[in-house]
Structures are given as structure tokens and as C-alpha cells.
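Enquirer: Going down the list, the protein sequences come from chains A and B. So the mapping is simple: our numbering equals the position in the first sequence, first residue as 1, plus 79. So the mapping is simple: our numbering equals the position in the second sequence, first residue as 1, plus 3.
By construction, these hints were calculated from the structure, which means they are not laboratory data. Quick caveat, the model's predicted, so the values are computed rather than measured. Some hints could be false.
Claimed, not checked - What the simulated footprint calls covered on chain B by chain A, stretch by stretch (three residues with Cβ under 8 Å from a Cβ of chain A suffice, anywhere in the stretch; the number is not a length):
id: 1; stretch: 250 to 262
id: 2; stretch: 338 to 345
id: 3; stretch: 355 to 361
id: 4; stretch: 383 to 390
Said to hold, decoys possible - Think about it this way: if two alpha-carbon atoms lie no more than 30 Å apart in a straight line, the pair counts; the simulated DSS-like pairs of lysine-lysine are:
id: 5; chain 1: A; residue 1: Lys241; chain 2: B; residue 2: Lys159
id: 6; chain 1: A; residue 1: Lys155; chain 2: B; residue 2: Lys164
id: 7; chain 1: A; residue 1: Lys218; chain 2: A; residue 2: Lys241
id: 8; chain 1: A; residue 1: Lys155; chain 2: B; residue 2: Lys159
id: 9; chain 1: A; residue 1: Lys118; chain 2: B; residue 2: Lys159
id: 10; chain 1: A; residue 1: Lys226; chain 2: B; residue 2: Lys159
We put the CB at the ideal spot given by N, CA and C, even for glycine.
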Amino acid sequence: MKKLRIIPLSAALLFAAVSGSGVAEVRTAPTDKPERVVKSSGKARAPVTLEHRLGGVPVVGMPVELALGITAGDDKPVLLEISTDENLGVVRRERRQVRSGDSVSLVLVPRTEGRFYVNVVALMDVGARAYSIPVQVGKGQPATARKVSAETVGGERLVRMKAE
Amino acid sequence: MDNRILVRGHRLATLVAIMLFAAACGGGGGGGGDNTTNNDTDNDGIVNTADNCPTTSNASQADNDADGSGDACDADDDNDGAADAADNCPFIANAGQEDNDGDGSGDLCDSDDDNDTVADSSDNCPLVANTDQADSDGDGFGDACDTGANVVVSGKATFDKVPHSTSTNGLDYISTLSLPVRLAVVEVIDAASAAVLATVETDSQGDYSALVPTNTNVFVRVRAEMGRAGAPGWDLEVVDNTQGDALYVLESATFDTGNANSVRDLHAASGWTGAGYGSTRAAAPFAAMDAIYTGMESVLAVDPAAVFPRLTVKWSPDNSTATGDESLGEIGNTFFRRTGFDNREILLLGKEDSDTDEYDSHVVIHEFGHYFEDAFSRADTIGGPHSSGDRLDPRVAFSEGWGYAFAGVAQDDPVTRDALGFGQASGFQIDVEDNSNLNPGWYSEGSAQTIIYDVIDSASDGVDSVSLGFSPVFDVLTGNIDNSVPPATIFSFITLLKQANPAAGPAIDAIVSGQSIDSAAIDEYGSGETNDAGRGSDVLPVYSGLVVGAGVTNVCSLGGDSDFGTFNKLSVRRFLELPIPSTGGYRFTASGPADSDPDVVLHRRGFLGIYETIGPIETFDVTLEAGDYVVEVYEFSNITDTPRGRTCIDVSVVGL
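Taking the hints into account, I'd like the entire structure generated from these sequences.
Expert: This is the structure we're talking about:
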């Protein structure tokens with residue numbers, strides 16, 4: 080939902096106070112580049128869209144369906160590489176060839192609470208696109224792939240990795 | 004102090020005075036202050052509103068400390084608190100004014116700190132005069148300063164660089180290389196007290212050398228950080244966004260320095276154990292840092308004194324394409340962003356079996372190219388998703404094309420390879436030397452990357468017979484385009500490049516025309532362009548005319564599957580060229596159908612302001628300087644996932 084009005088910060092610093100005669104008394108202030116967030120598009124991706132829908136609230140021990148719908152820019156085959164975290168009950172590493180309009184169904188059986196991911200990579204002849212679909216089970220903490228935890232050393236947060 | 008921020012004379016932005024009337028003004032008044040009408044008081048060719056010394060002539064606009072006040076009128080050119088007249092290093096910050104030899108030249112800018120005629124860089128006692136450089140024990144420390152209580156710990160820092168398979172574009176772990184960690188900060192730490200005993204940096208071969216006390220238990224720490232003050236200068240670090248932006252460091256085992264010099268090499272391994280990342284991915288932060296430095300080298304090659312504003316690279320093995328909480332790694336994609344005035348970041352994907360980018364050096368440098376746009380040139384892109392063959396907003400097409408072309412130039416390799424999938428074994432490539440782009444034109448990132456790369460590279464292929472090198476392109480991006488009124492697009496780039504390199508004009512035209520852009524006819528606004536993307540309407544002219552008091556100009560915003568797409572696709576946002584005849588107040592009105600919601604953005608040498616109240620009529624009053632402006636108009640829903648579709652909008656401007 081957009082804001083009713085977004086005024087650039089710099090412009091907000093450059094407002095005019097209106098005198099009784101209706102003539103603007105202009106006040107200026109040092110201005111910087113407008114504090115608009117600059118964000119690049121990110122890297123290029125294949126023209127494929129993956130929509131997903133969970134069949135229910137994921138609960139430990141209860142099967143839940145994850146439906147994936149594929150929309151591609153053309154009717155050429157799309158190779159999906161699907162992998163799921165082992166805590167989602169099935170260690171999947173499988174490939175499926177689909178086309179635009181197809182759907183894929185996965186059944187997850189969460190083993191523990193946490194935030195886990197289903198990873199789907201769509202490979203096309205004109206590029207590829209990766210999707211990571213978060214699956215929140217209960218209120219558990221997110222799974223992490225990191226093997227070194229940060230620590231505070233001399234007031235500085237460091238991820239200390241051992242050299243070979 | 005004027006209203007500009009400069010980095011080594013490269014203007015980050017010029018925001019001309021735009022003064023909003025209070026909404027309650029009712030249109031009254033129009034003159035505003037007199038500060039907007041005095042064009043160039045010091046006659047140096049830079050208008051006052053853009054001049055970092057409005058009353059002192061300084062055509063170069065040099066500004067050593069990037070404080071927005073030019074050197075010619077700045078009483079403290081290095082912002083160290085010591086006025087230039089009394090500063091022993093006026094252009095290098097040294098608040099302490101240290102001057103070892105008392106020669107009046109501060110140590111930080113004195114190449115011979117002990118006045119013994121031996122330059123510090125080769126002096127075996129840089130702070131003790133010893134012209135004879137006697138070193139009877141040959142330990143590298145001159146007798147004059149050798150206490151016998153120090154030894155040298157030296158070594159090489161390296162990291163695993165996993166290359167790409169040229170057949171699959173995936174990562175080829177079997178062919179992993181060991182590359183030097185270049186220009187990284189290295190510390191020798193006292194293992195007992197955690198005190199930093201020495202801080203040095205690696206050289207271009209990854210070698211470091213530090214003087215440390217004898218018989219002390221220490222370890223060596225290589226920081227994923229590059230820092231250098233002055234010009235050239237940089238400030239780069241790689242942190243873990245999922246661990247409170249903790250800095251990645253590589254540490255040796257603890258060892259006793261003993262009584263003799265010793266060597267401690269450090270290697271950051273990829274962590275790949277054959278079927279997956281079975282151990283710490285220590286090489287990843289250093290691979291990303293090395294790619295960034297490769298990009299910096301290209302800039303330094305044409306501007307040896309370039310100063311790179313702070314850049315933070317955020318990488319984690321948990322960084323995935325999920326969009327949500329970045330502290331969980333849900334970053335959505337690899338991308339560059341600036342928040343606030345100077346918080347520049349590149350976020351990199353790192354999730355195994357999904358998408359990792361730390362070894363995709365072209366991808367990293369592509370994003371560094373966006374950093375370059377923002378810090379050195381113009382970043383007019385609006386972002387958003389993009390794919391090969393998309394017909395894009397010309398700002399996005401140019402920015403993305405620039406990124407891929409720059410990545411190719413920086414590595415002298417036109418092929419971007421992006422690895423992903425199971426074991427990072429799959430991938431795809433983007434070859435900027437491939438001229439056969441799908442849907443070529445001024446709205447194509449493929450066309451933009453082909454054109455930019457071809458005007459730079461030394462290879463002649465197809466219609467490419469020009470080899471300007473990077474320097475002329477750098478000059479256009481950091482000078483001409485940065486000062487150009489319309490947003491940066493292939494039109495402004497080509498027009499200004501040809502103006503600066505007239506002899507190459509015909510050859511440039513050949514490359515550009517090869518991408519279905521009417522190079523010989525266009526100007527910065529794309530006037531004369533005839534490629535309408537095959538639509539016939541609602542695409543050309545690229546910039547419609549808008550004249551104060553001359554009635555309405557009707558433009559149509561497209562959106563949806565039947566058009567080119569939403570948000571950042573072609574003709575979602577339409578552009579109008581607006582000359583403001585005199586400084587004063589103006590009322591803008593954009594009016595669409597009853598169920599529409601037109602919005603307006605003003606530009607002049609960059610973004611000025613956005614006006615987006617809800618409803619079919621957008622109207623606002625502003626005071627503007629005389630000069631040329633660009634008005635961007637669009638139907639709001641067309642930049643969302645629920646587009647209204649083709650929406651025609653009447654735009655008008657009247658004086659107040």
C-alpha cells in the first residue's frame with residue numbers, strides 16, 4: 080500500500096513558509112541526494128514464475144501438501160531441481176521436467192519445529208531461476224547452514240574461521 | 004557550503020533547489036528566494052546551485068575530503084580539524100599532526116619521516132635516521148632501530164577460487180584454484196591478551212610481513228576487509244548479515260614467535276568435501292572481496308586516485324532467494340542497494356543446492372557496477388525483475404546492460420556464468436559479445452550490454468570496429484551523463500559518447516544501429532528513434548513534449564500481460580520533457596479515468612521528487628528553477644501485480 084504522499088526528504092528540508100501576503104518566503108537548507116533507496120534489479124533470471132501454496136498450517140508429524148505452479152514465458156520444457164530440508168520429513172533431491180501450466184505436489188511431514196526451506200531451481204534454455212520457499216513449523220528458530228557462530232572479540236563481532 | 008556532495012569531483016547528485024509551496028498556499032506567490040536566480044557568480048562554468056565553491060572560481064570542482072565544499076574555498080581540505088594554513092598535511096587527515104622529524108611535513112604525507120634521505124618505503128628504520136642503512140644481523144631492521152626484541156612474521160594469504168565449467172556453467176570443484184587474498188587487512192594478535200600487535204595488509208600476491216615481539220604466543224588474522232585512506236582509497240568489508248553483520252576473518256593457529264623470523268601462510272578453503280559443503284566455507288568472503296577488487300582495478304586503471312566510498316558486502320551460507328527477513332538470510336536475490344545517504348551494500352546469495360554467487364565473479368562485479376553508478380555516476384534504475392528478451396524501462400535496460408558489460412571488461416571475459424542448482428553444478432551464461440539479442444532496441448539490456456562492451460573492447464566482430472577502451476566510457480559516465488538532464492539511458496550514453504569522441508561516431512553508429520536503435524538520429528532524449536517495439540503506439544516518442552501553459556499532453560501507461568509487463572517494463576512509465584521558462588511556482592496536474600490512480604515523478608539530473616496521492620487526479624504545486632526537467636507519469640496499479648492495464652493520462656503544467 081503506497082503512502083498518501085511521499086515527499087523527498089531533501090524537499091522536505093526545502094519548504095516554503097507562506098507569509099500573510101501569499102508570497103512564499105523560501106528557506107533553504109543544505110541538501111543531499113534525496114534519501115530514496117537505490118536498489119538494483121539484481122541478477123537476471125529466467126522468465127519463469129513459481130507460485131506455491133501450502134495445504135495447511137505445518138505441524139510436526141502431520142503431512143501437509145505444498146503445491147507448486149509453474150508459469151514460463153514459452154512452452155519449452157523446464158527442468159526443476161527440488162530439494163528439501165531433512166527436517167521437512169523427506170530428504171528430496173529430485174529432478175522433474177515440466178512445462179508452463181504444470182503443477183507439482185510435494186508432501187511434507189515436518190519432524191521438528193523451525194523455519195525450513197524447500198529449494199526449487201528452474202532451469203531453462205534461456206536461463207535459470209532459484210526459489211527458496213520458507214516453511215515455518217510452529218515457532219521454532221530457522222535452520223542455518225553456517226558452521227561458525229559469530230563472537231564478540233574486543234568489542235567487535237567476528238565470524239572466526241580457521242585457516243588451513 | 005552549497006548543496007552538493009562530491010567524491011573526488013564526481014558528483015553523487017545535484018539536487019537543484021526545488022521548493023515546495025505549502026499546500027495551503029492556494030497558488031499565491033511565485034518568486035521565491037533570490038538564491039535560485041544567480042547563475043554563476045564566479046564565472047567558472049558551474050552554476051551556483053551546482054557549484055561547490057559558488058563564489059570562488061574552481062572549474063575542476065576538486066573536493067579532497069568530499070564534504071561538499073570545494074578545495075578552493077574549504078579552509079580544511081581534509082576535515083581533520085586542523086585548518087589548512089596550519090596543517091602539516093592539508094590533504095590527508097591527521098588530527099594529531101605527528102611529525103617525527105620536525106620538518107614541517109606530517110608523517111602521513113612525508114615520504115621520509117626521519118629525513119635521512121632514504122624513503123620510508125625502503126628504509127629499514129623509517130623513524131630513526133640511518134643513512135647508511137646498516138643492518139649487521141641482516142634481520143631487515145637497521146642497527147639504529149633494531150632492539151633485538153622483534154622478529155618478522157610473514158606469509159601468504161590465499162583462498163580457494165572455484166571456477167566454472169565452460170560446458171555446464173556450473174562450479175567445477177575439481178579445478179579449484181588457490182588465489183592470493185589481495186590487499187586485505189592482516190593483524191597479528193597476542194593470544195593471551197587479544198591485543199593487536201601489528202596491523203599490515205597483504206600485497207597483490209597475498210604476501211604480508213609484520214614486525215612482532217619475540218617469544219610471544221600469537222596468531223595471524225586475515226580480515227575480509229580492505230581499507231586505505233587518501234587517494235586512491237577504499238573501504239570494503241564482507242560481513243554475515245545473518246549474524247549481526249559480523250566481519251568474516253580467517254585465523255591461523257596460535258604459535259610462538261620465538262627468536263627468529265618465521266613464515267605463517269593462511270589458506271581459506273572452500274569447504275567443499277565432495278558431495279557438499281561439509282566444512283566451513285571460509286573462502287567465500289574472500290572470493291567475493293577479490294571480485295570487488297577486480298572491479299576496482301578497472302576504475303583505478305583510468306582514475307588512479309579514485310576514492311571508493313564505503314561498501315559492505317553481505318554474504319551468508321543462509322542467504323537465499325526467499326524474500327523476507329534479511330537477518331535470516333531471506334534476501335530475495337543478489338543485488339546492490341544504497342539506503343540513506345551513503346550506506347551502500349551488495350547482498351549475495353549463498354544457499355547451497357539453490358543459488359550461490361560468491362564464485363560467480365561476473366555477477367559480483369555486475370553488482371559492483373551498480374555501486375559504481377551510484378557512487379561515481381548516476382543510478383537512475385528503478386530495479387525490478389528482468390529476464391533476457393524483456394522490453395524494459397530504458398533506465399533499467401541501460402543499468403543492467405552496463406553491469407554485465409562492466410563485468411566483462413573488468414575480467415577481460417565477456418561471458419557471465421551463474422552457477423546454481425544441485426551442487427552448484429548447473430548454470431547459465433550471458434555473453435555480452437553475442438550480438439544476436441532477443442528483442443533488440445533501446446529498451447533491451449542485451450542491446451545495452453552489447454553496445455557498451457563493443458565500444459570498449461579491443462576485439463572487432465560483426466559490426467564492431469571500434470575499440471575506445473574504458474577511459475572514454477568512464478569519462479562519459481562520471482562526467483557527461485552525470486550532468487545530463489534526462490535519466491541515464493542508452494540514448495544519453497551514446498549521444499554523449501559520440502560528442503566526446505566524434506572521430507568514432509560512425510563506428511559507434513554501426514554498433515548501435517546493429518541493435519535496432521536509430522543511432523544517427525537520436526539525441527539524449529531519444530528524439531528521432533523509430534523503434535516502437537512493434538507495438539505501433541504508446542511507445543514513441545520516448546519523451547513527449549510538455550509545455551507550460553500550453554494545455555494537456557496525453558500519454559498512456561501500459562501494464563499487464565497483453566503489454567510488456569508491469570513495474571519496470573517498457574511504457575509502464577511514460578516520460579515528458581518539460582522546459583521551465585523562468586524560476587517560479589508551477590502547478591502540475593495528471594488526470595486519468597475515474598478508476599485510475601496516476602502518479603508523477605520529477606527528475607532533473609537525477610530524482611527530485613515523487614507525488615503519489617490516491618485518486619484519478621494528481622496535482623501539486625512546486626517552485627522550480629528555470630531549465631529543463633523530465634516528468635515521469637504512470638498509472639500506479641501498473642507498477643503492482645494487479646495492473647489496470649493501458650491507462651491514458653492528461654498531463655499539464657501551468658505557472659502560478
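Enquirer: Compare the structure with each hint and give your call.
Expert: Here is what the structure says about each hint:
no.	hint	verdict
1	250 to 262	holds (count 7)
2	338 to 345	holds (count 7)
3	355 to 361	holds (count 5)
4	383 to 390	holds (count 6)
5	A:Lys241 to B:Lys159	holds, 15 Å
6	A:Lys155 to B:Lys164	violated, 34 Å
7	A:Lys218 to A:Lys241	violated, 33 Å
8	A:Lys155 to B:Lys159	violated, 50 Å
9	A:Lys118 to B:Lys159	violated, 37 Å
10	A:Lys226 to B:Lys159	holds, 25 Å
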